[in-house]
Amino acid sequence: MLRFLLKRLALTIPTFVALMFVTFVAIRMVPGDPVEVRTGERGISPERLAQFRHELGLDQPVWKQFADYAWGLLHGDFGTSVVTNERVLTEFLQLFPATLELAFFAMVFAILIGIPAGVMAALKRGSVFDQTLMGLSLTGFSMPIFWWGLLLIMLVSERLGWTPVSGRIDLIKFYFEPVTGFMLIDALLSDQAGAFKSAFHHLMLPMIVLGTVPLATLARMTRSSMLEVLSEDYVRTAYAKGLSPFRVIGLHALRNALIPVVTIIGLQVGSLMAGAVLTETIFSWPGVGKWLIESIGRRDYPALQGGILLISSIVIVVNLTVDMLYGFINPRIRHGQ
Amino acid sequence: MSHFRKTGLAALSFALLLGASAVSAKTLVYCSEGSPENFTPALNTTGTSFDAARPVYNQLVEFERGSTKVVPALAESWTTSPDGLEITFKLRKGVKWHSVTGFKPTRDMNADDVLFSFERQSKADHPYAKISGGKYDYFADMGMTKLLKSLVKKDDYTIVMTLSEPNAPILANLAMDFASIHSAEYAEALLKSGKPEQFDQVPVGTGPFSFITYQKDAVIRFKANKEFWGEKALIDDLVYAITPDPTARYSKLKANECQFAAYPRPADLAEMQKDPSLKVISQSGLNIAYWAFNVTKKPFDDKRVRQAMNMAIDKAAIMRDVYLGAGTAAINFIPPTLWSYNTTVKDYPYDPAKAQALLKEAGVTAPIEIDLWYMPVQRPYNPNAKRIAEMMQADLAKIGVNAKLVTYEWGEYRKRAQQGEPTTVQLGWTGDNGDPDNFFFLRGCAAARPGGQNISKWCNEEFDVRLKKAATLTDPKERTKLYEEMQAIMKEEAPDMTIAHSIVFEVMRKEVEGYKQSPLGGHKFIGVDIK
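In order, the protein sequence lines correspond to chains A and B. Note that the first sequence covers residues -19 to 317 in our numbering. Note that the second sequence covers residues 4 to 534 in our numbering.
So that you can see chain B by itself, here it is in the shape it has in the complex:
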């Protein structure tokens, strides 16, 4: 070999080495806000735990990234029977399970895994039903216990789900984290080796990232799944650095110790927005803060009184002084990011004079005494219910309504409110599945019973007929029409004063690209790159 050829080879190897380092692993560090309870979403109720399991799992259907639209995932397609009672899912073929220490899958995902994942939650005698505490809150809360009549495997790649009644929101339910599909083979292997608890601690899924390790309260590591059936991850490693203090998260972001930080403090937002190395994005949260009027109590049985209350409150002042820019005034009961939002509905203007006139018209002679309940805690949709109550109290005094502020310990508060004890009460809701039904059921007649979640105890036939009908239809257009009409009815009847939808902010390094904020909250790092 000549000297030149040797030199050439050496140069080539050097260039290759350089090239190799140029394409070195891309790691995204996400400063998360807390530790997961475990890695099985069906057992959990917190966003922190869902976020931790989300890279690993898929569901039969999923929410499209950045929207509430339900799209195929592990089920390639599905058909609904004409009576709406049977949904047949065709499963995707060739979907690989992740491998973890001590477990190598021998087969692809199939119908047995789907059966396992739902039967664990629905059958009390399932071998995994009681593992890790065995509380399946979401499965029960979304009405799946009653709704799911049977789940039958037709063949390895066909599953038939029979419902007890037609239900359109079911698909959105199935896209939720609790409906994640787990490996039945892994479960069986762990059961045989006598370590079933590991199932919820070391997750095996089909998702875009596979689980590597979790060091309690410190770090969770994931690696891009090269065999992922869908759009492959653009980063190689995903690391959750558990950092509960928001100030520390912000500092770490500035120091580039993490590239994405969960839940920035509202007080830091202005500074973050000015920082050229950071990027702040925002959108309306899938939530609502409201002030409900108990229509079973006088004088709130008269809609003119309820309308008068709506006009008496200076909502703009609440937005300015309490939400400090992190909220939008709510016109409807659902946020504008949710499909079927009615843009033609107009909010009541702030008009104390008209409010007074309406009260007079309703035969109410001022001054009157009412009670105004406010939550003792901060909620995602309401940063300071007490402050809002005080502002309302001042506004109400101007029209001759003396509001007595009342509060109780949080659990007691909800219980009493649901029993229908207060005359007027502040509360709110955070949506679960991006289906309007998940908001509107809160004002349905079924929930107006004592102890039900309809705390205004408002039961309007026009509204309720549409609510029930919309839940059984599968055509989104027809459903949209009904929901739009319901929003108009609600505004006219005013069972509540809709206060606000909070604005959810996300902050990341400038180099992070492709992140789409989910209207449902939570974090998903598929499609995210670091430039």
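The following block holds chain A by itself, in its conformation from the complex:
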């Protein structure tokens, strides 16, 4: 097991280095730098322009900038935002709970609906339910998040008035200082009547929007995995033994069918983070996604580099954990290594 873990860990190092390089280069390929964005039409003297560039280290050769950046990273320094002058890690940690809260509930939503729907579709293969569900999941899978979010806001928030348009809580009625950064928990801790309900109301639409793609993926995966398992001999044997369909499906088939689904859940973390960038922008959700979008506009190199690297690290860690978990659930994988 330890060898498996070490091998997996070693594999993440080149991924990490590549990521570091890509984030560093990509942002520099966008025209304009933080100094130019800051100055606009203003007639800034060449001396001051040079001084600004010097202070930010932008007058150094690119390889030197990269080396400094890498050196900082090796010392756990993700840099300082050129806009707010705060440590990138501090900013990230302030905003990450909001993203985590959203991503977590989006995943819960996807699992709670996606897996049972997939199982049902597999059991009623070829039925109207199955075909409708698969049609819907294909639609959900190919839905552009931005469009879907705006559509839901127009329909559910504006027309029907069921949920708020955006934000995390009703700003007029409730005010409390964040303790954990997780709005639902903070609302509970605040002891203000109705705060939790308001926070949950605000979470609903973004959760659905972000959870749609994983839901569609999970439903499809569960269905195909379940179909495969249902045709296995041991399932037939279980039926032959006279076990109830509930036991056969719930105990024997589902447990085995879920093995590939767990991997898919892990892989979805990456797309959840990508989706969070758009969802947070549409719903004014103050998480790391929205922060990254704003940082692009401001050409805040350190914030972008650090932010993307931190998110990628989380995705890498989650995938690694899933790999481990997979090995744990399915000993064949572990022993095969």
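Don't take each hint at face value.
When the alpha-carbon atoms are kept at most 20 Å apart in a straight line, the in silico PhoX-like pairs for lysine-lysine are as follows [as the list claims (entries may be wrong)]:
#1 B:K389 with B:K363
#2 B:K72 with A:K153
#3 B:K226 with B:K29
#4 A:K153 with B:K226
#5 B:K257 with B:K99
#6 B:K282 with B:K257
#7 B:K72 with B:K349
#8 A:K153 with B:K29
#9 B:K72 with B:K277
#10 A:K153 with B:K519
#11 B:K282 with B:K534
#12 B:K29 with B:K389
Label-pair distances were calculated between CB atoms; the ranges are [stated by the list, open to error]:
#13 A:V159 with B:R390: 38 to 44 Å
#14 B:K418 with A:G37: 57 to 63 Å
#15 B:R390 with A:G37: 33 to 39 Å
#16 A:A30 with B:I492: 52 to 58 Å
#17 A:T119 with B:K401: 50 to 56 Å
The set of hints was computed from the structure by calculation and includes no laboratory data. In this text the structure is predicted, and so the values were computed from the model without any measurement. Backbone N, C-alpha and C define an ideal beta-carbon position, used for all residues, glycine too.
Following the hints, complete the assembly by docking chain B onto the known chain A.
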């Protein structure tokens, strides 16, 4: 106590309770477009950050709400010495500082605070000079580094500002956000406790609202300052809900989740205007989009050629097809909302035949080749420079002028334009302080040097003499006269074709009353009420 008296008391208490709820706190939620960089205006350059700090601070002098007129604020009055080099400010007494967690002011605002606020920006060895990055762009860009010779405290409520040369626009500069007055006592307390960065994150000011909290990228909260020295706020709480997406801002406004939304999308305006629950107001922005002709390059050294260019372009079509109603054709280099605007100046008519005749007169034989530079980015004054360039190109072709469209990356574009590389070039300007000098300096001789901001490199003596003189005068009437003459000279000499001033729209709920749009842009919620 009799039964009736008890009932009466109960009824009274109930009525009082009802009354209390009827006068419950009024909250205005403003859907703002982004997060502030920090809360010290001197460190910032963006409207978003200025808006976020504006409720908290005052300056020595301020722009009257809804205009560019400079009025007393923390300085009750001021006198200028006859040579124009010394300005003596008398400070207002009894101005209270806000309290925040961990800081309770022990004294009122005084001259030490004024000294602190300017010295932080002007003295490199000031204990706060390097805090939070320490870049004071506006202080430098408005020429304050050279202009401000000394600032001396005469007594607790008198400050004497000495200038290196007479300068009329200085008062307008002092009304800008970068000149906000901060608490020296607060700064010192934070320095002692080793947390000077907090100074720029948790602002303490004297303004109509005091700062309560900022949750990054989410919300900023302010509370009405009951001890405010001026006109008290009509609302109790002011909340900035940070909502970067304009569509989301519009939706929130419709759902009454916010009562005022920043920067509506032009495409939504028609629908907003039809919505009975919303109110849309507009005015000309303090900006100008222009097409400059490099007078150092042939054939643009001849004013007849420049005039011909002015006549060749169908400006009305540009307004219609590019600005889509969100702009007004610019006649002068300054917008009509700015004082000293010359209403007698007439724009060149769209007359290709006359343009051709003028070219001929100037000895230019068609066809000629010119280059026409357009910005690669959208600006507040120009929604689509490329589209404008294409329309100009088509118009110019009609008089035998073949324009080659050129563009560069934005930083490179400005640099090359300032070096005088293009023959003709589109650019623009957004005013800072509501002083005409802040626009006209762009065509002064000093800025015509290579690398200077006068990208037409036009240096006209008649114009420049007036520009310099107007900057030293303090009488607004005399200044107005000079600026009016300068506008007439500019039109005749045509160093540019003035394209447009954008129109700035503001949208709010119907219930919001008393909002006055500032010609300088930005948002101010003092005097605003919710009915």
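Quick rundown of the hints versus the structure:
Only pairs whose Cα atoms come within 20 Å are accepted, and K389 of chain B paired with K363 of chain B is rejected, the gap being roughly 29 Å. Only pairs whose Cα atoms come within 20 Å are accepted, and K72 of chain B paired with K153 of chain A is rejected, the gap being roughly 38 Å. Proposed proximity of K226 of chain B and K29 of chain B is supported: the alpha carbons are some 10 Å apart, at most 20 Å. Annotation: proposed proximity of K153 of chain A to K226 of chain B holds, straight-line Cα distance about 14 Å (limit 20 Å).
Of the pairs offered as hints, the one joining K257 of chain B and K99 of chain B is violated, with about 38 Å between alpha carbons and a cut-off of 20 Å exceeded. With a CA separation close to 11 Å, the supplied pair K282 of chain B and K257 of chain B stays within the 20 Å bound. Simply put, K72 of chain B and K349 of chain B have alpha-carbon atoms about 26 Å apart, too far for the 20 Å limit, and the pair is violated. For the hint pairing K153 of chain A with K29 of chain B, the CA-to-CA distance comes to about 11 Å; that is within 20 Å, so the pair holds.
Distance hint between K72 of chain B and K277 of chain B is unfulfilled; the C-alpha atoms sit about 33 Å from each other, more than 20 Å. For the hint pairing K153 of chain A with K519 of chain B, the CA-to-CA distance comes to about 27 Å; that exceeds 20 Å, so the pair is violated. Taken as a hint, the K282 of chain B and K534 of chain B pair is honoured in the structure, with Cα atoms around 14 Å apart against an allowance of 20 Å. Of the supplied pair hints, the one linking K29 of chain B and K389 of chain B is violated, its CA atoms being roughly 46 Å apart against a limit of 20 Å.
A hinted range of 38 to 44 Å is violated for the C-beta pair V159 of chain A and R390 of chain B, which are about 51 Å apart. The given range of 57 to 63 Å is broken by K418 of chain B and G37 of chain A, whose C-beta atoms sit roughly 21 Å from each other. A hinted range of 33 to 39 Å for the beta carbons of R390 of chain B and G37 of chain A is consistent with their spacing of about 38 Å. Taken as a hint, the range 52 to 58 Å is violated for the pair A30 of chain A and I492 of chain B, whose Cβ atoms sit roughly 36 Å apart.
Range check, T119 of chain A to K401 of chain B: about 51 Å between beta-carbon atoms, so the 50 to 56 Å window is met.
Against the hints set out earlier in the document, violations occur for numbers 1, 2, 5, 7, 9, 10, 12, 13, 14 and 16.
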